[in-house]
Amino acid sequence: MTAPLERVFRVFLDDPAALRYGYDLMKAAGLPSGTLYPLLARLQARGLVASAWETPHQDGERPRRYYQLTGEGIEVARLELAQLSARRRRGPVRRVRAAPADAP
Amino acid sequence: MRAERAALRAGNYLISLASRRLPAKIRPDRYQEWAAELPAILHDPSAGPAPVRVVRMLAFAADTLRGTALAPETYRGAHRGAPARDTAGKSIRWLGTGLLLLGALLGCVLLLLAYEGWIIYHLTTGPALSFSGPFVLINLVVVAASSIPRWASPAWRWYAMSNVVVGAGLSIRAIASSSGWGHPLLFAIISCCGDAISVACLGMAVVQALRHTSRLGAPPSSLTGR
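Those protein sequence lines, which keep their order, are chains P and F. Sequential numbering from 1 applies to the first sequence in this note's numbering. Sequential numbering from 1001 applies to the second sequence in this note's numbering.
Hints listed in this document are in silico derivations from the structure and should not be mistaken for laboratory results. On a predicted model such as this, the values are computed, not experimentally measured, just so you know. C-beta atoms are modelled at their ideal positions from N, C-alpha and C, and glycine is treated no differently. Hints may contain errors.
[As the list claims (entries may be wrong)] To give an idea of the interface, some chain P residues facing chain F are shown, with a C-beta separation under 10 Å as derived from the structure:
#, residue
1, Asp24
2, Pro38
3, Leu39
4, Glu61
5, Pro63
6, Arg64
[To be verified] Non-contacting residues of chain P with respect to chain F, defined by C-beta distances greater than 12 Å in every case (computed):
#, residue
7, Arg7
8, Arg10
9, Val11
10, Leu13
11, Asp14
12, Asp15
13, Ala17
14, Ala18
15, Thr70
16, Glu72
17, Glu75
18, Leu81
19, Ala82
20, Arg90
21, Gly91
[What the hints assert, rightly or not] Within a straight-line C-alpha distance of at most 35 Å, the following computed DSBU-like cross-link-like pairs (lysine-lysine) qualify:
#, chain 1, residue 1, chain 2, residue 2
22, F, Lys1090, F, Lys1025
23, P, Lys27, F, Lys1090
24, F, Lys1025, P, Lys27
When you get a sec, could you build the whole thing from the sequences and use the hints?
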């Protein structure tokens, strides 16, 4: 899992029921738009994220698109983040070399 | 508000360029989505003062363009994490374009500084009609242009008026010194008065610019209710 994807999953999982606009996600995840939108498009293509258009509250206001994790998305995000933190807890694998005196 | 509209137009233009790189089927959808974010960024009070918000809004549009330029196929849903083709070449082209734009911006700043230096040089070396005459004329044209409703800008008008006054003072002094008419001290005083009025006009230009910036910072009521 890439670092941007991890950040986006964490933001979504902070409140899975919340509707998130692209700009809000950018701010919360600290990602530029050129990274965030392709990432959201990929997640949407995999069915992990759903999007919909909001109804404008006033005349002249532009409708904005909001994003939300799907049920499958929530499961996948939780699983991926759990695996990632487990890997981090284990730490990097170190190769132990035998001392020259022990060598045959 | 004019600066706000101009910034929004620039952002919309960048976003239209970005959406042109996408397949025609999803183009209007994406354009609508990104265009709706521009005023939201521009009126986001948590994003800092008005100039910062303008920069953020333009950065949003420019980075969206970068995203679509580097991986347009992502938006079709076909791209599943594999690197886009010729990404390195595209990155180099983008870097080159960015450096060119930065160079152009630096060039403009240097040109402006050279212009101000040139004015100061003429102010300190003494009156010369060959300088002050065209200087006054050019700035009169700027004053006239800033009165046209389409380009109306109080800050620019005051700035150009300050230049007109200082140029007029210098011209009077230059004419007097070349013809030998009148007492030089009188014309030196007139020129100094011109400088003082010019400084006052410059102050007004700064005040107008600051007022304009504060107006830019106030979010319209249509967006505060979201």
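Item to check | Violations among the numbered hints | outcome: none
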